[in-house]
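Residues per chain are reported as follows:
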Amino acid sequence: MLRDGARRYLADDFATRRRGDGAAGSAGWRGYADLGWLALLAPEDAGGLGGDIEDVLILAEEMGRALSLQPYIASAVLATGLVDLVAAGQQRLDLLGAMASGDRRFAPALYEPGRRYRLEPEVRAVTSGAGYRLSGAKSLIAGGAGADGLLVTALLGDGVVGLFLAAMENAAIFPTRYATIDDADTIDVRFEQVELGPDALLGITTIDAIDDVLDEARLALCADTLGALERAVEITADYLKTRTQFGQPLANFQALQHSVVEMYIDADSIRSSLYNAIAVFDRGGREDRRRAVSSCWVKTFDAAKGIAGMAVHLHGGIGMTTEYPVGHYLRRVMVSERSFGDVEHHLARYMELAG
Amino acid sequence: MKLAFSAEDEAFRAEVRSFLAAELPPGLARREAAGFHNKRATVHPWQQKLCAKGWAAPNWPAEFGGAGWSPIQRYIFELECGLANAPEYSLIAMSMAGPVLCRFGSPELQQEFLEPMLKGDCWFCQGFSEPQAGSDLASLRTRAVRDGDDYVITGQKIWTTDAHMADYMICLARTDAEVKPQAGLSMIIMPMDAPGVTVRPIDTIDGDAHVNEVFIEDARVPAHYLIGEPNSGWTQAKYLLGHERTHNAYLGMLRRYLARIPALIDDELCRGLPAAEAGEYRRRHARLAIDVDALEWSVLRVLAGEEGPALGAAASAISIRGAAYLLRAADLEMAILGPQVVPRFGPDDGAPLVAGAPPAAAGRTTQYLYWWAATIFGGSDEIQRNIIWSTLFR
Ligand SMILES: Cc1cc2nc3c(=O)[nH]c(=O)nc-3n(C[C@H](O)[C@H](O)[C@H](O)COP(=O)(O)OP(=O)(O)OC[C@H]3O[C@@H](n4cnc5c(N)ncnc54)[C@H](O)[C@@H]3O)c2cc1C
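As they're listed, the protein sequences go chains A and B.
Start counting the first sequence at 1; every next residue gets the next number (the numbering used here).
Start counting the second sequence at 1; every next residue gets the next number (the numbering used here).
FYI, nobody ran anything at the bench for these hints, they're computed from the structure.
Check before you lean on any hint, since a few could be wrong.
Claimed, not checked - Listed below are the simulated DSBU-like cross-link pairs for lysine-lysine, each with C-alpha atoms no more than 30 Å apart in a straight line:
#1 A:K241 to A:K305
#2 B:K180 to A:K241
#3 B:K180 to B:K119
#4 B:K49 to B:K39
#5 A:K241 to B:K238
#6 B:K238 to B:K180
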C-alpha cells in the first residue's frame with residue numbers, strides 16, 4: 001500500500017524536473033510531510049509514527065526508481081536519527097516535531113574536506129560566553145542547499161564530540177553551493193568563528209553512535225539504488241521491444257536478451273542482500289548489523305554502475321541524452337556509491353568485523 | 001612474432017617528445033587532461049603549429065600534405081600525444097573526411113578542401129546516423145536528388161558530433177531508392193550554412209554538449225560536391241570507418257591514465273585514503289597495465305601486417321577492449337578520488353571542486369560517462385562482435 005501510493009505520488013518527478021520547476025524545492029518537501037513520510041522514523045513520543053526501517057526502505061526504493069531529488073535520506077532518515085540520538089528533553093521533542101511536520105529541515109554536516117569518509121571531526125567548538133564558537137569546514141553536505149540548519153559534528157575543548165545545530169542564516173557561515181552529477185544540490189561550508197547560543201549544542205555523542213545512525217541511512221541508500229536499478233532494467237527491456245533495427249525489434253536479438261537478463265539477476269541479488277541486512281538489522285547486535293550493512297553496500301555498489309551503464313549502452317545514442325531518463329540512473333548511482341563510504345571502505349569494515 | 005622498435009623509431013619518438021614538450025601550450029594540455037571537449041578556437045593554435053611542422057595530418061599521404069609516416073610512426077605519434085595531453089583537433093576532417101577525399105575525391109575537391117582542413121580553417125562533421133538508422137546504417141532515409149547542377153538534400157541526421165562548429169558535413173544520403181539499400185548511397189559534402197540546414201544541440205549525460213540533431217530541408221549543394229561516383233557511398237563509408245583500424249584502441253588515452261594514476265594514489269594518501277585501499281588501487285592499476293600491454297601488442301600485430309583471417313577481426317576486438325579499458329581506467333580514477341569527484345560538469349564553467357579536492361578531481365565523472373559512448377559509437381560492441389563472428393567462425 002505504502003509502495004503503491006508512493007509510486008503514484010512520485011511518478012511525475014522526472015517530468016517535473018525536466019520542466020525545471022524545482023521538484024527538489026520546498027513544495028516537494030511539504031508534500032512528503034503531508035504524506036507522513038517525514039514522520040515515519042520519528043519516535044511516537046515526539047509526534048512521529050515510530051515506524052520501522054522497512055517502511056523507510058520501501059519509500060527509498062520508490063524515490064530511487066522515480067529519480068527523486070528530495071534529500072530524504074539526509075534530511076529525514078539521517079537527521080531524524082541524529083537528533084533522536086543526541087538531543088534531550090523538550091528540545092528533542094520540539095526539533096523532532098518540527099522536522100516530522102516539515103516545518104524545519106536540517107542537513108547533517110559530518111564529513112570534512114580532505115578527510116574522505118572519516119567521521120572524527122576536526123571542526124572545533126570552544127566555549128564563548130554562555131555559548132560556543134565554531135570554526136573549521138564541512139564538505140559535501142547533501143540537502144544543505146535550502147536547509148534551515150546544519151547538524152554539525154564538532155570537537156569540544158575536552159576532546160569530546162558534540163552535535164551542534166547551526167542556523168544557516170548565521171553570517172559567519174560561508175556556504176559554497178554546487179550541483180552534483182546526479183543533479184542534486186550540495187554545499188560545502190566554512191565556519192569562521194561562528195558564535196552559537198548555549199542551546200546550539202544538542203548533546204554529546206560518540207563516533208560509534210553516529211556510525212550506527214549512519215547505517216540506517218546506508219541501508220536506505222542501498223534501497224534507493226535497488227529501486228533505481230530495477231527501473232533501469234525495466235526501461236531497457238521496454239525500449240528494446242519498441243526499437244527497430246535491421247527490420248525487427250532489437251529485443252529479437254538473443255545477445256541483447258541475455259544482457260538484460262544479467263542486469264536483472266544482478267539487481268535482484270541486491271534485493272536478496274538487502275533482505276539479509278534487514279533481517280540482521282532487526283535482531284542482531286552492533287557488530288552483526290554493521291557487517292550486514294557493509295555486506296549489502298558492497299553487493300549493491302559493486303554491481304550498480306555496471307547495471308546502469310549497460311542500460312545506457314543497450315539504448316545506443318539515446319541512452320546518452322539528458323532528455324531520456326535512463327542515463328540519470330547511472331549518474332545517480334555514481335554519487336550514491338561514494339556517499340557514507342564507498343565499496344573499498346565497506347569491504348574493509350566487513351573484513352574487520354568478519355574476524 | 002618478433003617486433004621491436006628500430007633505432008629510427010626511437011629517434012622519431014624522441015623528436016616527437018621534444019616537440020610536444022616545447023610547443024604544446026600548457027593551458028591546452030590542462031584542459032585536455034581534465035577531459036573537457038575542445039572548442040574550435042582553443043585547439044586552432046595547436047593545429048597551426050603542427051601544420052607548420054608538417055605533422056597536422058599523420059594519416060594522409062605525403063602528396064596531400066600528410067606527414068607521410070609509416071604505420072609505426074603514426075602509432076608512436078598518437079601515443080606520445082596521448083601521454084603529453086595533446087588534444088585532438090578537427091577530428092572528422094583529419095581522420096575521416098580527409099582520407100576519403102585523398103582516396104576518392106576529384107582533383108577539384110582535393111584542391112578546394114584539403115589545405116584548409118590541414119590548417120584547421122575548415123571543420124567537418126560526419127552525417128551518417130539517423131533516428132531510424134543507427135546500427136542499421138544502410139537503412140538511412142536522407143535523400144539527395146539531382147536537380148540541374150545541384151543535389152537537393154532532405155532528411156534528418158542525429159548524434160552528429162561537432163555539427164555546431166563545423167563548416168561542412170560529409171553527408172551519407174540516398175541517391176537511388178530502387179536498388180538494395182547499400183547500393184543506393186552517396187557521400188556528399190554539404191555546407192552547414194546552406195539554407196535549409198538547422199542544427200539543434202543535444203545535451204548528453206556527461207555534461208558536455210558535443211552531439212547534435214541536424215535537420216535538412218531542401219538544402220542545395222553543387223553536384224560536384226558528390227564524392228566519387230554516384231551510389232558508391234557505402235564503399236567510401238566502409239573505407240572511412242575502417243580507415244583508423246587501430247585508433248579505437250585509445251592507446252594514447254589509456255597510457256595517459258596509466259601514467260598519472262600512481263601519483264594520484266600517492267596524493268590521496270594525504271587526503272585520508274587508507275593505505276590498505278591504496279594497495280588495492282595499485283593492484284587494479286597493475287591489472288589494467290597488463291591488459292593495456294596486451295592491447296598494445298594487438299595493435300602492433302595489426303600494424304605489422306600479420307596475415308590471416310584474424311586480422312580482419314582484430315580492429316573490432318581492439319575497439320571492444322579499448323572502450324572497456326577506458327571505462328575501467330576512468331572508474332579507477334574516480335575510486336581513488338572518492339567523494340571528491342561528484343560535482344557536475346558544465347561545458348562553460350568546467351567542474352567546481354569540492355572543498356579541499358585536488359584540481360585533478362575536476363571532470364572525472366564527465367570522462368567516465370563519456371566512455372560509455374565509446375561502447376556505442378563507430379559500431380557498437382555488439383556490432384563488432386557480430387563482425388568478429390562472421391569473419392572468423394561463420
Ligand atoms: C557520443 C556519440 C557521438 C556520435 N557521433 C556520431 C557522428 O559524429 N556521426 C554519426 O553519423 N554518428 C555518430 N554517433 C552515432 C553512433 O554511430 C550510433 O549511436 C551507433 O551507430 C548506434 O546506433 P543507435 O544509437 O541508433 O543505437 P541502435 O542501433 O538502436 O542500438 C541500440 C543497442 O542495440 C544493439 N544492437 C543493434 N543492432 C544489433 C544487432 N544486430 N545485434 C545485437 N545488438 C544490436 C546496439 O549494440 C546497442 O547496444 C555518435 C554516437 C554517440 C553516442
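State the violated hints by number, sorted upward, taking the hints as numbered earlier in the document. 3
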